[in-house]
Amino acid sequence: MDVGLLSQYIMNGLMLGMMYTLVAVGFTLFFGVLDIIKFSHGDVLTVGAFTGLATYIGLRSVGVSSTPLLLLAVLVVAILAMAALGMLIARYLVLPLRSAPALNTLLITLMLGTVLREMVRLFYPQGANPKPFPALLPTDSINLGQFNLRLDNAIMLATGVAIIVGLRLLLNRTKLGLAIRAVAQDEETARTMGINFTAIVLITFAIGSALAAIGGVMNGLYYNEINFGMGLLLGVIGFSAAIIGGLGSIYGAILGGFLFAALQTIGAVALPFASAYKDVFAFTVVIALMAWRPTGLIQEKISERV
Amino acid sequence: MSGSERMPEVKQEPQAPLLPGVVAVALSTAYLIALLAVEKQPLVIGLLAFGIVAVLAAHYMDWLDPVSRSFAEREGMLSAYAILAACVVAAFFHDNHFVLLLFVTVLLYAVATLGLNIEFGYAGVLNFAGASFFGIGAYTSAVLNTYTAVPHLLVLLIGGTLAALIGSLLLLPVLRTRGHYAALVTIAFALLLKTFLEVNDVLGGPQGMQVKGMSILGWSFNDNFEIGKIEMSFYLNYFVISMLLLCGTFVLVRRLERSWIGLNLDAIRLDETAASCFGLDIARWKITAFVLGNFVIGLAGALFGMVGGFVAPNNYTFADSLIMVSILLLGGIGNPWGVVVATFIVVVLPEKLQTIQEYRFLLYALIVIVVLLFRPEGLLPRPVRRYFPGGRA
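Chains as they are written, first to last, in the working numbering: chain V, 1 to 306; chain U, 307 to 699.
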């Protein structure tokens, strides 16, 4: 295999890994503050992508044609809308079930995911068909020897890295981050220290869902196509990534996200059988990893949670 | 003499009367026949509204209490009546292919969900890949009926065994994990299996495969037959065998629940730590429940493949697994009667109300959310364990 093709695959894997990481980080955040898994996360991503698309179509129809402005509007609307959706979900579906068995939260968010998915399919105009997503980033490419670096991919990758670093700073360097970490560590102590538990939970859900919105728009920009079912697979992959890495740890989510992308890429490239089996391969490895390391690669310090 | 006077008399409450249960079964049967017979949409909607109002009214008039008591205490007798009722419905529609197919679908889904109930409801082992194991059964009968001459009853058993075997590949991760993590394992498996079926050319790829109908000892299940002068739909054959399967499974689940095995499973679900402190082997019972549950699901799937005559990956998706879970939750986790009632609601409703056919996944998901928020124990909550059949709890 020549170097150009190899680096193309690596770039492809990195892009996938970045999207998975954005989803996985959301799972980790929610798990951190509430010890719950929000299975509708992937579908929030879908709704985010569709919100972005609708914004684009709406703005185009009123005559806005400047690409940077459109991109900005798409991102801002998608992020704000999903942050609001995330808060609504937390307030009305997740928090009321705090005292119920964990299974109920899991089921209610699973079913909510189905509701979101089906709503997009049924109520978005022709939502059952894949939708073309506009190319809002410059698509020029830089030739580095045999390797073709597309500018839009580079921008997305850089944005993704910036977001993760920003999140890390937010969690580690700000008062809000301190509050989130305090709630994650011990809810009751955090309350006695005067932290508004409900507010922190809502904010965390807003942040996580906003990340999903970014992931959704990024997915649309990368594939130039979105469909109503994309969130299910991305959600499961993001969740697998978060778990492989170790729930509750941001680094674990990043590790898991890129690991899963690497598995898929290896499955597509290096395995002797058809590349159609890449997902089969990736999920087989996930199940095997769960059997080997049930708490993930980066283990929690207190592992009562498994 | 005086001693016996001072002894507090053990008050033997009379056994609950049979009548309320029988009346309930008879009324439901009549209602079901009416619902299945009407075709015009306004009539269907009217009947459904009537049904909901009637049940609510009965609830507020406290008429449901005696019914549930008589079901709890005279279960054996009333089960016989319920079987009779099912046969009456089938006999009423003896020449109607569509209704009988629907009825058989309900029965087999009920069997599969009963299997899921063993895992989910008793042992607390999460399984979000119910439809996948159902699909394994169906594909088994597709392959075996096409390429081999294995007797078809044996094919059913092989379908169940294969589902249990493939399921046991998941045992290690499922046993080592709990809660969310175990859920992930089964969800990953559901997606994996569907993708696998889609890309595998031997199994027909996305188009799926035809399945030959069942035949036992030369009696072909896919031919119409006559009793006397009356023409019978061939689905009546499948009705009989599905009904047998459902009865068998129901008895099995009921016995299991009442036995010490069921007690162990309950203990493990409610508190694993406490159960293992009392010397219960957690892994052993979880394995038992998972393997047995998947066997039952696969068995139902194998028969369903032959009934439908066709298998395709799109029929066994994660969404279908969620429907099975919805049935379980709607009926009331752990209550086999609830499973049967809920299966009727979930399977029959979209078929009769064509307007909601398209919206069914959305509708069920919403219903489950509402159930979880407001009545988490389901429509027919599981009653308190009874140690002595017919006795007081």
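These are calculated hints, taken from the structure and not from any lab test. It is possible that part of the hints are untrue.
Residues from chain V shown here face chain U by an in silico Cβ test under 7 Å; the list is partial [as the list claims (entries may be wrong)]: (1) Met-111; (2) Thr-174; (3) Gly-194; (4) Thr-198; (5) Ala-199; (6) Asp-279; (7) Phe-281; (8) Val-285; (9) Met-290.
The beta carbon of each residue, even a glycine, is placed where N, CA and C say it ideally should be.
Against the structure, the hints come out as follows:
1. Taken as an interface hint, V:Met-111 checks out: its beta carbon lies about 4 Å from the nearest beta carbon of chain U, inside 7 Å.
2. A distance limit of 7 Å between C-beta atoms decides the matter here; for V:Thr-174 the minimum to chain U is near 29 Å, and the interface restraint is violated.
3. Hint on V:Gly-194 is violated. Least Cβ distance to chain U is approximately 31 Å, over the 7 Å limit.
4. Nearest Cβ of chain U to the Cβ of V:Thr-198: about 18 Å, over the 7 Å cut. The hint is violated.
5. A distance limit of 7 Å between C-beta atoms decides the matter here; for V:Ala-199 the minimum to chain U is near 22 Å, and the interface restraint is violated.
6. Taking 7 Å as the C-beta contact cut-off toward chain U, the hint placing V:Asp-279 at the interface holds, the least distance being around 5 Å.
7. Because the smallest distance between the Cβ of V:Phe-281 and any Cβ of chain U comes to about 9 Å, over 7 Å, the interface hint for this residue is violated.
8. For V:Val-285, the shortest C-beta to C-beta distance to chain U is roughly 10 Å, which exceeds 7 Å, and the interface hint is violated.
9. Using the Cβ-Cβ criterion of 7 Å, the hint placing V:Met-290 at the interface with chain U is satisfied: the shortest such distance is roughly 4 Å.
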